[in-house]
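Participant: Kindly generate the complete structure, drawing on both the sequences and the hints.
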Amino acid sequence: MLKTHPIATLAGLGLLLLLALAPLATETLGLAFWLDVINRTIILAIAAVSLNFILGYGGMVSFGHAAFIGLGAYAVGIPAHYDLYSGFLHLLIVVLGCGAFALITGAISLRTKGVHFIMITMAFGQMAYYAFISIEEYGGDDGLVIYARSEFPVLDIEQRLIFYYTCLASLIGALYLVHRMVNSRFGMVIKGAKSNERRMAALGFPAYRYRLAAYVISGMMCGFAGALLGNYTSFISPEMMGWTRSGELIFMVVLGGAGTLFGPLFGVVAFLLIEEVLSGITTYWHIIFGAILVLVVLFAKGGISGLLTAKRSALGKQPAKADPAE
Amino acid sequence: MDMSLFLIQLLNGLQYGVLLFLVAAGLTLVFGIMDFINLAHGSFYMIGAYLCGTITAVTDSFLLGVLLGVPLTALVGYVTERSVIQTLYQRDHLDHVLATFGLILIFDTGVHIIWGAEGMAIPLPAWLETSVPLVGDSQFPTYRIAIIAVGLAVAAGLYFVVNHTKTGMLIRAGASNRRMVEALGVDIRLLFALVFSVGVAIAGASGMMIAPITEARIGMGNDIIIIAFVVIIIGGIGSIKGAFVGALIVGMIDTLGRSYLDQMMKLFMSVDAAETAAPAISAMLVYILMAIVLALRPQGLFPPKTR
Amino acid sequence: MRKSFASLALAATMLASPAVLAESIKIGFVTTLTTPAAVIGNDMKDAFDLAYEHIGGKMGDFDVEVIYEDDGFKPEVGKQKVDKLVKQDDVDVVTGFIWSHVLLASSKPVLDADKILISANAGPSQLAGKRCHENFFSVSWQNDQTPMALGEVLNQTGVKSAYLMAPNYAAGKNMVTGVERTFKGEIKGKDLTRWGADAQLDFSAELAKAKASGAEAMWVFYPGAAGGAFIRQFTQAGLGDSMKLYTVFTVDAISLPRLQQGGLDGVLGSFATQTWSPDLPVETNRKFVSAFLEKHGRYPSFYAAQAYDAMFFIRDAVEKAGAKDAASLRAAMREARSLPTRGAVTWGNNHFPIQNLYVREAVTDSEGRWTTEITDLVYEKHQDPYAAECAM
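Chains as they are written, first to last, in numbering that gives the first Met the number 0: chain A, 0 to 325; chain B, 0 to 306; chain C, 0 to 391.
Read the hints as simulated data drawn from the structure, not as lab findings. Careful, some of the hints might be misleading.
[To be verified] Derived lysine-lysine pairs resembling DSSO-like cross-links, with alpha carbons at most 27 Å apart:
(1) B:LYS265 - C:LYS183
(2) C:LYS286 - C:LYS380
(3) C:LYS187 - B:LYS265
(4) A:LYS300 - A:LYS193
(5) C:LYS286 - C:LYS319
(6) B:LYS265 - C:LYS159
(7) B:LYS165 - B:LYS240
(8) C:LYS25 - C:LYS319
(9) C:LYS25 - C:LYS57
(10) B:LYS240 - A:LYS112
(11) C:LYS159 - C:LYS183
(12) A:LYS300 - A:LYS112
Facilitator: The structure is reproduced here in C-alpha cells:
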C-alpha cells in the first residue's frame, strides 16, 4: 500500500535530473535570476521533505515548522555576526540548536493529539518568532544581513554553481534518508502509530519515543534547510518563522502529496511556480492563489502525486476522521 | 506603584479581553460543535469593520453602520458556509487549516480590490469621542467603556442562550457529542449554518467596535485570529465560559505586559535592549501560557462536559 | 540632439528590431504596494509617474523604463524583488524604499552588482556611517536629522519634559536616538511598539503610561496609517489637554485627510519638523505640487516629493555624464547641487544630502483642506551625525 508508485518515482527522478541540468540551461540562455529561483526551490524542498516525514508518514501536523528554518538560518547568521564563518561550526550549531529545540518542544507537543498538536506546535513557532524579534543584538524585527557565506575546506560555496550543487546533493541526501527511514522498522512504527497508536503499543512499541525521535530528526533536517537558506539569501529575519510561513510549508507538502516520497518536491516546485507566474500577472495574485488552495483541498486529495498515480478510487475516499474525544 | 495608572491598565486589559472574547466566542462554538478549525474567522472581523465603515460613511451614522453591518456580515458568513465550508466538515483538521488559509488570502485580497489598500477611518459620534473622569485626575475614553459594556452584554446574552434555551441545549449537546445530536433527528446542517453565521456576526461586530480606534485595515483579522485560538485552547474548546475567562486572562497578560514589563526588564538589562525586548516578550507570554496549559491540561481550563 | 557614439553603435546592432531606436535606462522602483502601507507606496508611485511625464520619458539620449516592485512591507520580500531587478531585469538604478529595514536587507545585492542605489525615503544610520558605499545615494535625509531638529524646537519652545513613542524597527530606533541627541529636557519615558505586517495599532496601555508620567510634551514617530490611529487615540484619551503633541513623519499628507475625515481637529496647530513642505517657496516645487494636486486631487506627501526628486536626481546625473554606467553616474551625482522640490542641496562624503530643516504646522488651506505650512527654519545646511563614521 505504501510502496511508491512507479510513475511518481519516475517523475520525481526526472525532476531531479532536470534540476541537475538547470544551471546548464540557465547559463546558456542567460537567465541567471531563474537559477536563483530554482536554488530557492531546492532549499525549500529539503524543508518540505523534512515536514513530510512527520506529517505525511507520521500524521503529526506541525504548524510551527518554519521555526526550524529560522533557527537554522540564525545558526549561520549569529556566528557570522561575530565574524565566525566556519561552516562546521555553523552545522554543529544547527544540529545542536535545532535538535535541542525539537527535543524540548516535541517532548511537550507529542503529549497532545489532533488539533491540540497543531496549536501547540504553532505556539512554539510563535515563541521562537517573538524571541528573535526581542533580541536587539541580532537586529530584532529588522533581521540580520549575512555578509559572507559559511566556509568549508575545498568546497567554496561562495561560488554559485558549487552552492547550487551542494543544495541539490543535500536534497537528494534528504530524500534518500527519508526513503530509508520510512522503509525501516522505525518508519513502520511511525506509520503504524499514525493509523492506530494502541495497536502499536500492544505490539510493544512505545510510539511516543519513536515519534519524538522522528520529530527531532525532522527538526534537524529542516534546520539544515534553514542554514542553506540563510547562506542563500544572505539575509535573515524573524519573519521567516511566522505562522503563515509554517502554513505555506504545510501547503507545499499537501499540494505535492503528503506521505509520498517525491510529493514535497512536486509541491514546492508547483507552489513557487504558481507564485512566480501569478505575481508577475497582477498585484492581486493572492486571490487566485487562495482559490487554488481551496480548490486543491476540496477536489485534489493526494496532491500532485495523487494525480500522477491517478487512482480514481482514491479521489472519492476521505480519510476517516479521528474523534477528538479519543 | 501608581494605583490610578494600574486601574486604567486593568480597564484597558478588560477592554482588550472583551474584544478577544467576542472573536473567540464564535470560534469556540464552531470548533466545539462542528469540530471545524476556521482560520478565516478573523476575516469576518475585518469584513465587518469595512462594511460598517462604508455604511457609516454613506449614512453619516456609526450606530446605523453597526446595526446594518452586523446582519450583512452574517450574510457573508452564511454564503461562505454554504459554498465552501460545509463540504469541509467531514475532512480532517489539516484540510480545515489549508482551505481556510486559502479563504484568508481570498478575503484579504478581495477587500484590497473593493476598498483599496489604504484602510478606512470610521468617525464616531461626538458623545463617544470624549473621556470620562476616574479617580483623581485620570480619565478613560468613553468609547472604550462602551466596548466593555457591549462586550459584557453580548457575553451575558450568549451565556443565557447557550445555557437556558433549546437551541443552546442543542449547541451544548453538539459540542459534547455530535453524533448523538444527529441521531436524535435534529437538522444538523441548519444548526451548523446558524451557529456559524451567529459566530461570524459577533466577530464582525467586534471588528466594527475596534475599527474606530485602530481603523479598518487589511490583515487586521489575521493578527487577532491566532490570539483568539490561544484563548479558546486555554479556555477549553467549545466552552463559552472558557472562552470568556481565557480572553480576560490573555487580555490582562498582554496589556499589563506592555505596561510594566519594560520597567521590570530595565532592572537587569540596558534601557534600549529592554525597550526592544519587552513588547516581544509580552507577546510571547501568551503563547507560553498556552503551551503550559496544553502540556498540563490539554482539554483546557473549562472544557465542556462530555458524555 | 546628437547621439553619443556608444548609443549609435548600440542602435546599429539593434537594427534587427527596428522598433527599438534609442537605448534605454532601466530604473527599478521598490516600494510597498500591498498591506495598509500601500497608501504610502501608491503616493510615491504617483509622484514617480508624474516625474516621468515631466521629463518626457527621457534622460539625455536614453528612454526611461521604470519597473515597479512591491516589497510587501517585509525586508525579505524586498530583497527578493531587488535580486530579480538586478539579475533578471538588469536595471541600471534601483530606487524607492520607504522602510529602513527593507533598504538594509536589499542594499547588498545592488551594491555587489555595481549598480546605483538611491533611497527616496529610508535613511538608516548604518548606510550613513560604517556601511556607507560609493554607489549608494540618498535624496531624502538620514533618520536622525528630522527628530534632531524637533529636539531643538522643543528646547527653543522651553519644553522641560517629554514622553517618546515610536515603532520598533530600524528607523524608529534612529528617530528616538535623534531626539535624545538634541533635546535637553527630561525624557519621562519611552515606548517602542511592535511594527511590520502585524503592527500594534491600539496604544491604550502606552498612552495611559504617558499620561501618568506627567510629561509636558508627547513626541511620536508613526508613519503611514498608524499615524492617524495614534492621533485619534491620543485625542480620545483626553491627552490633548495635558500634553502638547510633536511629531516627525506622522502628520503629513497621508494622515491629514483621514484625520479630517474623522473630524479630529486636535491635530491642527501641532508642530513637526521636515526637510520639505508643500508650500516650500521653490519654483519647481510649486510646479510639482500644483501638477500633483490637479492630477490626483490631493496634496502630495513628502514621500511623493522625494520620489519626484529621485527621478530628477537620476536624470540630471545621466544628462551630465552622458552615460548610464555606475562610475559615470556616481561621479555626476556627487556634483549635484539641487533637488526640484527642495531647491539648493549638496551631498556629503557619505552621499546623504546636506539641507535645511523646517518646522511645519498643521493648518487648513484656503479651500478648507488640511495641510502643513512652514513656520520657521530650524537648521540651515544640516549634515547628519554619522557622516564622520563614513570612510569615504
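Participant: Okay, which hints does this one fail, numbers in order?
Facilitator: none
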